[in-house]
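Fit chain B to the known structure of chain A by using the hints.
So the protein sequences, as listed, match chains A and B.
Per this note's numbering, the very first residue in the first sequence carries number 1; after that it's consecutive.
Per this note's numbering, the very first residue in the second sequence carries number 1001; after that it's consecutive.
Bear in mind the hints are in silico, worked out from the structure with no lab data behind them.
Quick reminder that beta carbons are idealized off the backbone N, C-alpha and C, glycines included.
It is possible that some hints are incorrect.
Stated by the list, open to error - Restraint ranges, calculated between C-beta atoms of paired labels, are given here:
| # | chain 1 | residue 1 | chain 2 | residue 2 | range |
| --- | --- | --- | --- | --- | --- |
| 1 | A | S725 | B | E1185 | 43 to 49 Å |
| 2 | B | D1302 | A | R351 | 54 to 60 Å |
| 3 | A | A605 | B | E1185 | 32 to 38 Å |
| 4 | B | T1268 | A | R496 | 36 to 42 Å |
| 5 | B | V1353 | A | N610 | 40 to 46 Å |
| 6 | B | D1167 | A | D675 | 35 to 41 Å |
| 7 | B | K1075 | A | R714 | 34 to 40 Å |
| 8 | B | V1353 | A | D675 | 44 to 50 Å |
| 9 | B | T1141 | A | E33 | 28 to 34 Å |
As the list claims (entries may be wrong) - In silico lysine-lysine, BS3-like type, Cα no more than 27 Å apart, as pairs:
| # | chain 1 | residue 1 | chain 2 | residue 2 |
| --- | --- | --- | --- | --- |
| 10 | A | K352 | B | K1163 |
| 11 | B | K1043 | A | K415 |
| 12 | A | K738 | A | K24 |
| 13 | A | K238 | A | K204 |
| 14 | B | K1064 | B | K1043 |
| 15 | A | K289 | A | K311 |
| 16 | A | K474 | A | K443 |
| 17 | B | K1305 | A | K443 |
| 18 | A | K285 | A | K204 |
| 19 | A | K535 | A | K415 |
| 20 | A | K311 | A | K204 |
| 21 | A | K423 | B | K1305 |
| 22 | B | K1294 | A | K692 |
| 23 | A | K235 | A | K9 |
| 24 | A | K188 | A | K106 |
| 25 | B | K1043 | A | K694 |
| 26 | A | K443 | B | K1294 |
| 27 | B | K1103 | A | K617 |
| 28 | A | K428 | B | K1340 |
| 29 | A | K289 | A | K188 |
| 30 | B | K1103 | A | K677 |
| 31 | A | K535 | B | K1163 |
| 32 | A | K617 | B | K1340 |
| 33 | A | K677 | B | K1340 |
| 34 | A | K109 | A | K55 |
| 35 | A | K415 | B | K1294 |
| 36 | B | K1305 | A | K474 |
| 37 | B | K1294 | A | K428 |
| 38 | A | K694 | A | K677 |
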Amino acid sequence: MKITLSWLKEHLETEASLNEITDKLTMLGLEVENVLERSKGLESFVVGHVLEADKHLDADKLQVCLVDNGVEKVEVVCGAPNARKGMKCVYAASGSYVPGMGIALKKAKIRGVLSNGMLLSEREMGLSDEHEGIVELSDDAVVGASAVDFMGLSDPVIEIAITPNRGDCLGVRGIARDLAAFGLGILKPLDTTPLEGTFNSPLKIHMDLDDEHVDACLQFVGRYIRGVKNVESPKWLKNRLLAVGLRPISALVDITNLMTIEHCRPLHVFDADKLHGAIHVRMAKQGEKIIGIDGREYDLDPEITVIADEKFVGSIAGVMGGIVSGCTEETVNVFVEAALFNPIRTSATGRKLNLQSDARFRFERGVDSQFLEPGMHIATGLILDVCGGEASEIISAGVAPDRSLSISFRPSRVKELAGVHVKEDEMKRILEVLGFGVFDIGKEWGVSVPTWRNDIVGEACLVEEIIRVFGYNKIPTTPMQRSEVIPHAAWNSDQRRRADVRRSLAASGLVEAVTVSFMADDQARLFGGPADVLKLVNPISADLDTMRPSILPNLITAAGRNAARGLADCSLFEIGPQFASDDVDGQEMVAAGIRSGRSGRRNWAESHRNVDVFDAKADALAALGAAGVPTDSLQTFSEAPDWYHPGRSGTLNLGKKTTLATFGEIHPGVLAKMDVKGPVAGFEVYLENLPKQKRHKGTTRSLVQLSQFHSVNRDLAFVVDEGVSAGDLMRAAKSADKALINDVSVFDLFQGGNLGEGRKSIALNITLQPTEKTLTDAEINTVCNKIVAVVEKTAGGVLRS
Amino acid sequence: MDNADNLRGDLICAIAAAESTNALEAVRVSALGKKGTITKLMKTLGSMDPDERKLEGQEINALKAEVCIAIDERKVALEGAELDARLMAEQVDISLPVRPRSKGCVHPISQVIEEMTVIFCEMGFTVAEGPDIEEDWYNFTALNIPPEHPARQEHDTFYLPGKKNGDRKVLRTHTSPVQIHTMQEKEPPIRIIVPGRTYRCDYDATHSPMFHQVEGLVIDENTHMGHLKGCLIEFCRAMFQVDDLPVRFRPSYFPFTEPSAEVDIGCTRADGEFRIGHGDDWLEILGCGMVNPKVLENCGIDSTKYQGFAFGMGVERIAMLKYGIPDLRTFFESDLRWLKHYGFSALDVPGMVGGVNR
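Okay, chain A solo, but in the shape it has when bound:
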């Protein structure tokens, strides 16, 4: 919402400076976004009068103008095509600074002719991009007077962000009223003296709304004005509209715009001679169309309210008028409409037609239901002043709703809710200046709500009004009351676990990324998605049109982008949601990560290798470990989802059913479709599948058992069938003596040689940890024999000789 200072002062008697006003507006909740002092730096430019304009002897496109600047007559060389004898223009003297050019003018010879100053275009003044010619001022401009004053630019423009509840402040007067309540001046009385008509309107109004749509237009006020001249608007009116960003069109249109901006009272003016019979307020018929004043054609339907004559639709109610029955320069007789359209219907119509307008913006926020006739009188006065003519009596259909809302208000609530004491006199003053009625003063007041404040519905609203004007800055700052001296943990165990996993993965060399929750549909398909219910109805772009079924593709894509920048080795992880359906249960918290390219940077000390499934497995195990999962008791299965390499991937399970994590090299086919160069290894830890951590009843841990006896290591290599997994072999070995065997690891793998086809050798290092006495050689041998026997039995392994 843009207003100008002088316009505001027409409604507010105040001595306050521009700065005071804008500061107070912001502190009232009418946030000032911008103050435009258009004349700043242009004050020295004056109205010039071109007395002579002769061709420059040495240049085709230049003229030498003799300009009267009010003080003297000077010669100015000018290249503008519109410079001509007799015109009034903006003259900048030598030495003045021209903002649009960024230079100070010097006297200079232009092709041999001394030029004293310059005639300016709008661009040179820094007002717009207009540079076709120099600014032309009308003949009534006084030579030598300030050009910006004459152009109406010395009036500062204040741009205010009006919150959706303050429909009443979409008019200059509403803003003035708030400032008056703040004590920054006095709201000037508004003259709404009825302007009596001299004849009966030849046009009648019919409300043709059925019961279902009766709320579409509660009241319609109209007036016929005959014999007008739709002239160009006077300068004051044009300047005012230009200042707030509206293009002057003609007096009749400009006056309706003025009423919208000044009084938040949208009007429509029909060319009465183009109407066919009486005015009807009705719902549109299916298939009806209208061409708006914007020149576009709109398809109407029975949920759209229209104003029509006996034959055609004349306007889309509350949104936009039609071009056919609109006013032109030739218009002589008009019919002026002031109506009360339904906010919800107006909004729905606007959205359906994708049509925004100043009128819609106000109707959908709610206008003053009692300002139809007063608004009509003010508008009539303006029309008669500017365009002449003769007004009919006002005719009206429907009735404004009786919105004498009264709220019971306990003044004590101000202190209770806002935490500040405000004197009751001050509360009353604030409410009354804002237009509220206060009666039945006691413990509980009766407060009537002004008809322009559609946002006020209850006691809390009144507290807000009082506190807002009283000043938020006067509310004493109060520390939060502590309910406990030492606060409890803010995180629950799942949240704590997530933080632990995050920091653990970061500590193990992965870089945390945060990627968006959506992705491209075709990529989602590669990762188990998407469900139809997860496709956005209104995506921001085609590559972000589906809720992600997995975090991996976003990370893989990121790896690809980094590779394109020359960072081929990429280690990323993300902890966030993935989606299987649009239900609450369909959202799952996952920690996922990838490593791409080579493992570590090439260096002199170590040989170099591609990332592989075991990098991913290590990361998954690290994450699970950080989450407090006993990783020793996990089982691995080679049944990872399709997006992994089928032979180099697996799952980490607790039991057969509960998969805690999947890991593996990403399927090269998937990478190819994503246009990312491999290898990439990734993992996904399903945090919600992890066994719940119980908040322990106590903090005591089981007693540590530290053996005082030496542990013993033995190496045993087994030859097994190719299909036997190392995990099975290790588990078999371990099961031989659970008490004594403390640890089993694989220290060598071998295939080929004289082992024969389909056979491999797995070498285990076994740690025996006695707890009661040092082991003798015989006892060690017994255990080893037992291991060999068990391995042979369960895995078909033969001790390699």
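The following block gives chain B in isolation, referenced to the frame of chain A:
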């Protein structure tokens, strides 16, 4: 006794002349080995009469002890020299770079959320969460934003198709629906913060279709706007590490709070450099207000008994201001260089013991 004296002289010379531990060992064997010269001398004692044996024996033992000491001393010297020589031979170019260890880090969004959590935890808040995909009622209607409310249009909502015959679902446009879930599930007193992802259908230099918010909600019988100011002023000062940071509350509008306020912090742009703190300018950082009684009633909470406040702030915005990160969109681009530059060490855990920041 000349024998012994001669032998002593020879052996001491030989020991001193030994150039290596091996040579020294040979000298030791030649003197003290089974067939060594001193061993031989010892053997001659057997054939002597007792007096002579006693005298000779003492002398030979003294000789033996002297030689042993000389050998040991020589051995230490030789070993030291050999070690020195070996170590010299083992010299490496210590300017070579070390074996690389990849360094990970934590994303600024995670870090900033944790920082906020630490501060609010101190004030007795716990963390609540809710789904990203919401029903319309939770995201809007329950928060006093009815279907035709102009505020709803400002939210640029992403929609999902929803079930047949059902309402379409939305991607939550703010974390506020978690207020509703919490109030439905829990009796007051309530004191929660809600960090999470939020979505709006908007993409330009200052908007990302996904961003993060931290919501706050306090409901009890007597929390008022003074407490709201107290809570948020303390938060802003702790978060931005400026003890006397100016904080300003000015009236605004949110359908779910009444009265509503926007909160600005002081800043300056003097000398072309942006700084948070005392200055001539204000910067909006969050919205807040007293919970609208209608919202309480929508959640089945008696608004004549309970009241409280709510607030919400953008995590990225605060991260940008606090850490001088210029562009919102870069948060989600996963550029390794950016992540490593603006990320935080795994060990940089915000807390009250070590501080919200390093």
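Now for the hints, and whether the structure bears them out:
As the Cβ distance of A/S725 to B/E1185 is approximately 46 Å, the hint placing it in 43 to 49 Å holds. A C-beta distance of roughly 37 Å is found between B/D1302 and A/R351, which places it outside the suggested range of 54 to 60 Å. At about 57 Å, the CB distance of A/A605 to B/E1185 disagrees with the hint of 32 to 38 Å. At about 39 Å, the CB distance of B/T1268 to A/R496 agrees with the hint of 36 to 42 Å.
A hinted range of 40 to 46 Å holds for the C-beta pair B/V1353 and A/N610, which are about 43 Å apart. The beta-carbon spacing between B/D1167 and A/D675, approximately 38 Å, falls within the hinted interval of 35 to 41 Å. Judged by the Cβ atoms, the range 34 to 40 Å given for B/K1075 and A/R714 holds: they are separated by roughly 38 Å. A hinted range of 44 to 50 Å holds for the C-beta pair B/V1353 and A/D675, which are about 48 Å apart.
The given range of 28 to 34 Å is respected by B/T1141 and A/E33, whose C-beta atoms sit roughly 30 Å from each other. About 23 Å separates the Cα atoms of A/K352 and B/K1163, which keeps this hinted pair within 27 Å; it holds. For the hint pairing B/K1043 with A/K415, the CA-to-CA distance comes to about 115 Å; that exceeds 27 Å, so the pair is violated. Note on A/K738 and A/K24: the hinted pairing is violated, with a Cα-Cα distance of about 80 Å set against a maximum of 27 Å.
For a cut-off of 27 Å, the pair hint linking A/K238 to A/K204 is broken: about 33 Å separates their Cα positions. Taken as a hint, the B/K1064 and B/K1043 pair is honoured in the structure, with Cα atoms around 13 Å apart against an allowance of 27 Å. At roughly 12 Å between alpha-carbon atoms, A/K289 and A/K311 fall within 27 Å of each other, so this suggested pair holds. Of the supplied pair hints, the one linking A/K474 and A/K443 holds, its CA atoms being roughly 24 Å apart against a limit of 27 Å.
Proposed proximity of B/K1305 and A/K443 is supported: the alpha carbons are some 18 Å apart, at most 27 Å. Restraint check for A/K285 and A/K204: satisfied, since their Cα atoms lie roughly 21 Å apart, inside the 27 Å limit. For a cut-off of 27 Å, the pair hint linking A/K535 to A/K415 is broken: about 49 Å separates their Cα positions. Restraint check for A/K311 and A/K204: satisfied, since their Cα atoms lie roughly 14 Å apart, inside the 27 Å limit.
Between A/K423 and B/K1305 the alpha-carbon distance is near 24 Å, which keeps this suggested pair within the 27 Å criterion. Note on B/K1294 and A/K692: the hinted pairing is violated, with a Cα-Cα distance of about 37 Å set against a maximum of 27 Å. At most 27 Å may separate the alpha-carbon atoms for a hinted pair to count; A/K235 and A/K9 meet this at roughly 18 Å. A distance of roughly 48 Å separates the Cα atoms of A/K188 and A/K106; the hinted pair therefore is violated under the 27 Å criterion.
Straight-line distance between C-alpha atoms of B/K1043 and A/K694 comes to about 81 Å, which puts the hinted pair past the 27 Å bound. Simply put, A/K443 and B/K1294 have alpha-carbon atoms about 23 Å apart, close enough for the 27 Å limit, and the pair holds. For the proposed pair B/K1103 and A/K617, the alpha carbon gap of about 19 Å is at most 27 Å, so the pair holds. Between A/K428 and B/K1340, the direct Cα distance comes to roughly 59 Å. Violation of the 27 Å bound is thereby established for this hinted pair.
Using a Cα cut-off of 27 Å, the hinted pair A/K289 and A/K188 is violated, with the two alpha carbons roughly 44 Å apart. The hinted pair formed by B/K1103 and A/K677 meets the criterion: a straight-line CA distance of about 23 Å does not exceed 27 Å. Simply put, A/K535 and B/K1163 have alpha-carbon atoms about 12 Å apart, close enough for the 27 Å limit, and the pair holds. As the CA atoms of A/K617 and B/K1340 are separated by approximately 24 Å, the hinted pair is consistent with the 27 Å bound.
A C-alpha spacing of about 22 Å is found between A/K677 and B/K1340, which places the hinted pair at or below 27 Å, so the restraint holds. About 15 Å separates the Cα atoms of A/K109 and A/K55, which keeps this hinted pair within 27 Å; it holds. Taken as a hint, the A/K415 and B/K1294 pair is honoured in the structure, with Cα atoms around 20 Å apart against an allowance of 27 Å. Only pairs whose Cα atoms come within 27 Å are accepted, and B/K1305 paired with A/K474 is accepted, the gap being roughly 26 Å.
For the hint linking B/K1294 to A/K428, the alpha-carbon distance of about 25 Å falls within 27 Å, and the restraint holds. Between A/K694 and A/K677 the alpha-carbon distance is near 43 Å, which puts this suggested pair outside the 27 Å criterion.
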